[in-house]
Each structure stands twice: as C-alpha cells, then as structure tokens.
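All chains should be modelled from the sequences, with the hints used to inform the complete structure.
Protein sequences, first through last, are from chains A and B. Counting with this note's numbering, you get residues 97 to 919 for the letters of the first sequence. Counting with this note's numbering, you get residues -6 to 194 for the letters of the second sequence.
Take the hints with a grain of salt, since some may be wrong.
As the list claims (entries may be wrong) - Stretch by stretch, here's where chain B covers chain A in the computed footprint (C-beta under 8 Å, at least three residues):
id: 1; segment: 268 to 275
id: 2; segment: 288 to 301
To be verified - Simulated crosslink set (DSBU-like; lysine-lysine; CA at most 35 Å straight-line):
id: 3; chain 1: B; residue 1: Lys40; chain 2: A; residue 2: Lys478
id: 4; chain 1: A; residue 1: Lys594; chain 2: A; residue 2: Lys563
id: 5; chain 1: A; residue 1: Lys341; chain 2: A; residue 2: Lys638
id: 6; chain 1: B; residue 1: Lys93; chain 2: A; residue 2: Lys471
id: 7; chain 1: A; residue 1: Lys478; chain 2: B; residue 2: Lys144
id: 8; chain 1: A; residue 1: Lys478; chain 2: B; residue 2: Lys181
id: 9; chain 1: B; residue 1: Lys81; chain 2: A; residue 2: Lys242
id: 10; chain 1: B; residue 1: Lys144; chain 2: A; residue 2: Lys412
Note that these hints are calculated values from the structure, not bench results. We put the beta carbon where it would ideally sit given N, CA and C, even for glycine.
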Amino acid sequence: MDLSGLKMQDDQFRTFLKIHDRIESGKMPPPGQERPAKAELQNVLTELDAFLIRAEQLQYPDEARTPTRRLTRVEYENTVRDLFEMPGLQLRDRLPADNSVNGYDKNSDALSISHVNLARYLEAADLALDYAIATQPEAPTFQQHKVSLASQYYVRLLIQSNGGAVFLKDKKPDPDFIPVDGRQHIDQGLHERFGMFETESAVGVFRHEDESFLPWTQGFAAIYPGRYRIKTSLWSYTWDKGEVKPSRGVEAMRLSVKQLQGHGLGQDHPSYVIGYYDAPSIESQEHEFVHWLNPGESIGFNVASLAPVHIYHQYKRNLYSFTGPGIACDWFKIEGPIFEEWPPHAHRILFADLPLKPFDPKAKELSYPRRTIHKQVMSGAKNHSDPFPGYWTVQTDQPLEDARRLLSQFLPIAFRRPVSEEMLDSYAAQVQNRLAAGDCFELAMRWVYRAALCSPDFLYHVEPDGKLDDHALACRLSYFLWNSMPDQELMQLAAERKLSNPDVLPQQIERLLQDPHSNRFVKDFCGQWLKLREIAATDPDKKLYPEFSTYLQDSMVLETEAYFRELIEQNLDASYLVKSDFAMLNEKLAVHYGIEGVSGPQIRRVALPPDHPRGPFLTQAAILKITANGTTTSPVPRGAFVLDRLLGQPADPPPPDVPAVEPDVRGATTIREQLALHRDHVACAACHAKLDPPGFALESFDVIGGQRARYRSIGEGDSAERGSIDPFIHISFKLGPQVDPAGTLPDGQQFQDICEFQQLAAADSHLLLTNMARQFAVYSTGREIRYRDRAAVREIVARVESQGGGLRTLIHELVQSELFQTR
Amino acid sequence: MIHWWRILFCGITFTALMLPAVVRAEEQSSTFQLYGISHPEREADLKQILQMIPAISDYQLNQSGDHITLTYEPLELFAPQEQEQLQKNLPIPAEKTEQKLKELISQSSRNTFELLPAAEFSEEQFTRIEIPINPLDCKACRFAVYSYIAKVPGVVRAKISTEPSLLTAWIDGSQTSHEALLKILTDKNVPLPEDESAAAP
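Written out as structure tokens, the structure reads:
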C-alpha cells in the first residue's frame, strides 16, 4: 500500500525528521548497539530524505518559500525615517507590538495585520506628514542657548536643601552658594528670585536618579522637530567633606532624550538613552553630537557610574560629613534646529520646488489645512517659538499636472520599485477627486500621500514568486543589513538591472556593512536572535544582587552588540560564539567580570589571557541575565538557550504533565540537587541529557552574569566579601552552597568547569556555523528553514568554510545564494 | 567790519550752548524709602540693578541704607512708543515717573528691591531689638531673613549682620514686639541659637 500520496500531520513529519536526524548524526542506533553497514545507512538516509522532501511539498504545494509579509514596526519606523530623512521620528511605539515566531518578529508567520494596525498606520502617517510638510516660507530661527543643570527645579532643591548637588567654581565649592551643612538654605523661591541659580558655576551631582529624581535640562525643550547640536562639558571629582579632590577615575554620565508630558513639570516622562559620556578626573572633557529632537523633547542626565547615595537621609543633608564621588557638568549648549536647506528634504520629496504662498484660513472657497501653532511647552525654558509666521501653503496653477509629476517621483521611492502607469493614474485620480471636493492642493496631495503610506505597496515586502528581480533583491538586501528601505544607489542599480551582477552585488554588500545604518542590523538581529529585547524583563533581587544597576544592564547590551559587530568586522569564525580571546568591555563590565585595566564608559576591545571564560556570547552578562529569572538561575532555560540559539539544536518542549522545579532562595539545596530528581523521570531524561550540560557549565554565573563559586542566599550561609562591589552599596546576602559546574555531554565527553565546556563546544565550529547560517537566513528571508532548504544551507556553509569560515563571508555567501535570492 | 571768523566763532559757540539743551532732557531727583539693603554686600547688587536702567544717571544712599535719592531723566524711563505720547504733554506728572521708577526697580530686581514712599525717621523714636541668628554664609539666606521681617507692620528698619550674626530691627512697640518677630523667624524655620529657639513663643 503506497501511502506516499497522503498529507502528513505536523507531528508525524517531526517524528520522521527526528528519525532522519538521529540516524544522520549517529545517535541511532544508540552507542554500544550493533550498527548496519555504512552503505545501508546511507540508503536509508537517501530514501528518508526524498520522502521528507515529498511530504513537505505535499504540505506546501504551491507556496513560495516566504509568504507575503508586512514590515515589522521597527522596519516601518526606519523606512519612514529614511524616506523623509527624519531620523528621530517616534513611530514604532504607536503601532501594536509584533508577534514573534521562535524569537523572530521578521518571520512572516508572526506578521498578522488587523484593523487596529491600520488605524495606527493612519495616525503614524499623519504624524509623519505633519512634521514633513513645511508651513512657513523660512526655516525656524536657529537658536543657541547655554543651559545649566541647575535650570531644573529638582536639581535646585538638591543644591539648596537636600545635599545631592553642589555649585562648583574653578573646581572648588562656589563661595557664593555654600554647600548644605546640615542646614538647608532658606526659601528656595527667594534664592531663585535672587538669581542664585543663574550662575556660570558648574553643578556637581551626587544623587543618582531614582523614582523621585529623574533630572533633565529644564532650560531647553525643542519646539520644532529637527536636528539639534548638543554640547556638554563634564568632569568628575571626589568630594572630601567640603574639598574637591581628584576622582577615582573616569566616571560616566548618561544622557537621554526626555519626552516631556504636559507643561514639562513633574517627573515621569518617557525617555530613551542617547549614550554614556566620559567624565574624567578634574579635567573637563567636552562632548558634542547632533541628535534629532521632536517637539517637547529635552535632554535628561544621570550620574550613571555613581552608586545611589542619599545625602539627605544618610548624611543628614550635611555635605561636610560626606566623602565620595561626584560628577560635574560645567554647562550644556544646545543649538538648533539645524536645516541645511529650506524647505527641507522631507517637504521636497512631497512637493518638490512648488512655492509656498499665504492663504486666508477663513476663506470659504477652498478647504485649507489647519495649522498647529508651535509653542514652548516647558516652563522656564530659554528657547522660544518664533512669532507666528501667518498661514502658508503650497500652491500651484496647474494642480493636476503637478500632482502627477510629484506622485511619479514619490511613489516609486516610497514603494521601493517602479510604479505602473495604471497605479499612477489611480492616485492622480484621487487627487482630482479631492480637488473637486474643495480641498486645496496641499490637502488633496496630503490625502493621497497618507493613502500611499497606508497601502500594501508601502506596508508589505512586495516580492515576485521565484527568483527575485533586482528591485526585490535591493529591498531584501537593504532590510537585511540596514533594516530599512534601499537608498538611492541601490535603487539606481536595481533600475539598471545591475544589482544581481556577481561583480556588483558583493560591492554593495560591503558598502552596506560599512555604513553606519548597519548598526540597525546589529541591534535588531541581536535583539531577536539572542533575545536582547528581553534584557529588562526581570528585575534582579535587590538584596541578592545590590550591585545591579541600569548602567550595568545597558553596558551588557552594548557588549553583546559590539561583540557581534566585531565578529563581522574582523570576519571571525563561528567558534567565537562560545570561546574567545577578547571581550568588548567598558569599565563597568570589566569590574563586574573581574578584569583590570579598563577605564571609562566606552566599549572597546580588550585582549584576554588564554582560557579566560569571558568574551563570547555564551558567557556574556546579557545572555546570562536573559536566561535567569532575577532571583535564581536554572540550567534548564540556560541549556535550552544554548542549544537553540548557539548550537541550532533546540530541545523539544517539556511534556505537559511534568511540574516545574521551584527554586530555593534560602540556599538550603542547589538547583542541581533539585534537578537530579527531575532528570530521573523517564519522560525527562532524554532531553535533560542534552539540556543540562551547558546549563551546568553556566551555573558558574549568577543572574546578572557575575562569576561565582558559591550561590548567594538571603537565608543561611557565610558572610560575603565585598569584592568589587561599590563601597557605597550595602550588602547583606550570604554565601551558600558551592556551585558544581561539571557535566557530561551526550556523547560522553566530560568537563569540569565552564572553560572545559567552552573548549568542547568550540571544537564543533561546523555546527556553530551552520546554526549562524540558519539564523541569518531566517532573519533575512522572513521564513523558517524547512527541510528542503537544508541542502542550500549545507552548500552555503561549505563555501564559507572553504574561505576560512568567517561570519562576514557567511553574509556574503548567503546574499549571493539562491536561498536568499528566491522568494 | 564783520570778519568771517567772528561769524564762524559765534555760530559754533551758539551751537555748543544749544546742543546740550537739545540732547540732555531735564533731569529730576526723587527720594524713596528703599527695601532690600539687608546687609552691606547688597549695595553692589543695587548698583548692578540701577545700571540696567539707563535713564537713571546717579543715586545716593543715606547712611543707614534705607533711603535712596535717584537722579534720572523722566522721559527716558518710558518705552519709545510711550515717549511720543508723553512728549505732547510735558512735564510728566511726578506720580507717573515715580510709579514707573518703582516698576522698573522691582522688575529688574525680581522684587528684591522696592521703592516705597520716603519716611525718614530718627532711631531714637523707635525700639531697637536684636535677635541672634545662626551664622548664614549665603547672601540669599541673609536676605530671606530680612525679607520676613522688613515689611512686618511696625518694623521701620531691619538689618542682618554677620559678625556677630544678628538680626537688628527698629520697631514701633505699639504694633509689634520682639516676641512677635521671634515667632515669625521660628515659623519660617530660620536657624536660631538654642536659647533663642527656647524663648520663642
């Protein structure tokens, strides 16, 4: 009876797949059992291979490898930003969160769409058009302002009464505003009227941000969206009971963008980090960067590298009894908005050089756009809005001709491919309808632009069946390495049908990798592959891990992203996933890892001694935190992560009727002891034989990635040494049982500690490289690797290995493969 | 015989005599009681404030620092648009210029200086009281203490000194008292030596 024509269920397919894989890997027959001859085994595998391919084809007969998929919300935001050259436009968080499949939101199976998405796309398009369309004939006035940290009310409160900050003049306490000495200054309001806070003095801050202190530069908030140049001068010091002395080293000031709500007073404003900046000892260091600010955004700051200290509570607001570190800011200088031309690119891509002319908003003959009057939202800000310029709008004497001309330029760029005459006609007809309905030209065009930004041609990756044409290839390449639309050069090459040329494509891959836009690929890929987006999903227990901080957490993410970037830049092979002779560290991480000689918040490459466990993804703090629960570690999730993400051999999910293991924070038993009972269960043994070894090796690291020989506990145990924990952090945890990181791999190889495990794991670089090939393929093509793709992956891996096995080479080979270039 | 040089000389002399009359408007002086000199260093602050008002060309403080005579050009106190109107009805009434002076001083100093109606008095007419306060190194703190007391009804003059650290006030005993002022300071959390705090009502 021939059953080959029957469609298989998914679980049946997986069973036969398992049989194939176990025979191929030599795990079947089990070790010690009689084995068939090699030729016989090969015959079986060949038959199974053909059977599985046929079965898969029956399951997915007519489907292209990658179904039609929409842009993820990150891709959407990047695309709109690049289309209008508005790099700081905040759109992603307005859209519903994307689902994910096996950690990837780029997977087409995850990218559903609903009426909620469409409603949000309309809002997002409106926001983008509001910012893009010029409403006045001249650019907003360029303003330059010098702002002190003391511009903010809460910092003034610290200076005047709470002791968390102090004025410094010529690197000494300012004699005109003495530090609090147990008595607060009298009457803050009067001090403000007296102008005591309007001083050229630097502000030295001791207080770390917390739930009641979230500071920002209250002297400036952006009124107009655009680029702003931000400069600041920072230094650090040791405060010794009223004297300023050299600091312990280079401290770190964190700068962020604060999105002010309402009138800007109050504390709780959403924010995102710009970066961490050096504050060297005594000598001021100036920093300068250009950043996009949206209306109502200001610059937040935090003395990130300092431990939380409350002069008010702990020192009874007497700075003359306090000795400890501080970070000083001489000033902030903020200038902008900066426009190289007016109207800017965002307007020109919509309306080219059509003139702006005044209009009367009360006129009845046409509907004119409503204008938002730009106002300063923040009380006390120095920058002010321009006088109202009147009402201006784009006007033309030949609206239909100009509409068609503008659409013929905009639509191919927005849709990332040529647009047919029929499509152009349909959009132009909509402009005509809106004009006939009484809209002015700007409103009619805006209506159509909004429709275009919400159309499937914009929201979806449009790819033909079979081999991708040059335009689709340009898009797939660009969304792989830039997470955004192709630029003009790529589109030009696609239009000339040169992109798929074997001489041209490698050059373009290199160009994209070398461009700063590729940092989006690094961030997005690591966020999905290594689940870095979940870094803040757990809060480490404050008693067990008092040294944990946001600065440490941010540094962890920077380490992982920088390490991945370095693997690509240096074209290092896949063994570096699990073992390395270098790490990407800043001082915070180096101290956390017990590595000496690293100073300051900048991430840099640090050479490690031989057999040092740190460096690779396997032992990076970010991975170790993501695979823990904030209180305890467990070999199971860590082992599962290593198998799935690094080795590409995910374990089966647990049987539904097996209970979870409850962690014991009292320190009475170790997780290993608790798991021992679990592993003896017959339904669990097979998976745990694979899961537990990497998990046991990683027991050498706690929930925040610190290396340990003993478990921390809050119950029984011995007193703990402070070690590298900041002296201002109180420690109360104890040291419990010893960690046992030894284990045995499924093939019988044994290891005693993490270093020996790393040696064993790194030996199979083929496995690691094959996994990376699969991960890149899933990310870049938007689809899981199916059985029938395995041959293609093997071929790519073989080509890469013949060239040294580097990950940059892997990217090249993948992009040039049929797997990548076929839908 | 009229020499050309005589004509030229007379013309130049006449013009020189007339020019100041055209360029320099009529200056006036007014005396006010001055709120804000809490301690001697405040005179430097006052000078800075007055320099921000170009119409004021000179000032004189009395010895105790609580009265000031300002010399100014009345028309220049006002904005150009207002000057045009005022020029049609010169001279400007004294109340108007004095009111304007008060506004300018208050605004420029954020109300840390104020001009009040002149009320010279002799210290012997009033009771002098002294309240020791804890040393205040911050000039704004010293002003704060002064500001709590200087406008209390019955207080005609107040001063803060640093050595010794004292609040000195001259009061009309029928309107206020030492105890009343002590209570104000205590209520405002002004740091006082222990015995003063104990004596506070």
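Hints and how they fare:
Given as covered by chain B, the segment 268 to 275 of chain A passes the check, having 3 residues with a CB less than 8 Å from a CB of that chain where 3 are the minimum. Interface restraint, the segment 288 to 301 of chain A with chain B: holds (4 residues with C-beta to C-beta distance below 8 Å; minimum three). Distance hint between Lys40/B and Lys478/A is fulfilled; the C-alpha atoms sit about 26 Å from each other, no more than 35 Å. Among the hinted pairs, Lys594/A with Lys563/A is consistent with the structure: their alpha-carbon atoms are about 15 Å apart, no more than 35 Å.
Between Lys341/A and Lys638/A the alpha-carbon distance is near 31 Å, which keeps this suggested pair within the 35 Å criterion. The suggested pairing of Lys93/B with Lys471/A holds, with an alpha-carbon distance near 31 Å, which does not exceed 35 Å. A distance of roughly 33 Å separates the Cα atoms of Lys478/A and Lys144/B; the hinted pair therefore holds under the 35 Å criterion. Taking the CA atoms of Lys478/A and Lys181/B, the gap is near 32 Å; set against the 35 Å cutoff, the hint holds.
In summary, the hint linking Lys81/B to Lys242/A is not supported, as the alpha carbons are separated by about 44 Å, beyond the 35 Å threshold. The hinted pair formed by Lys144/B and Lys412/A meets the criterion: a straight-line CA distance of about 33 Å does not exceed 35 Å.
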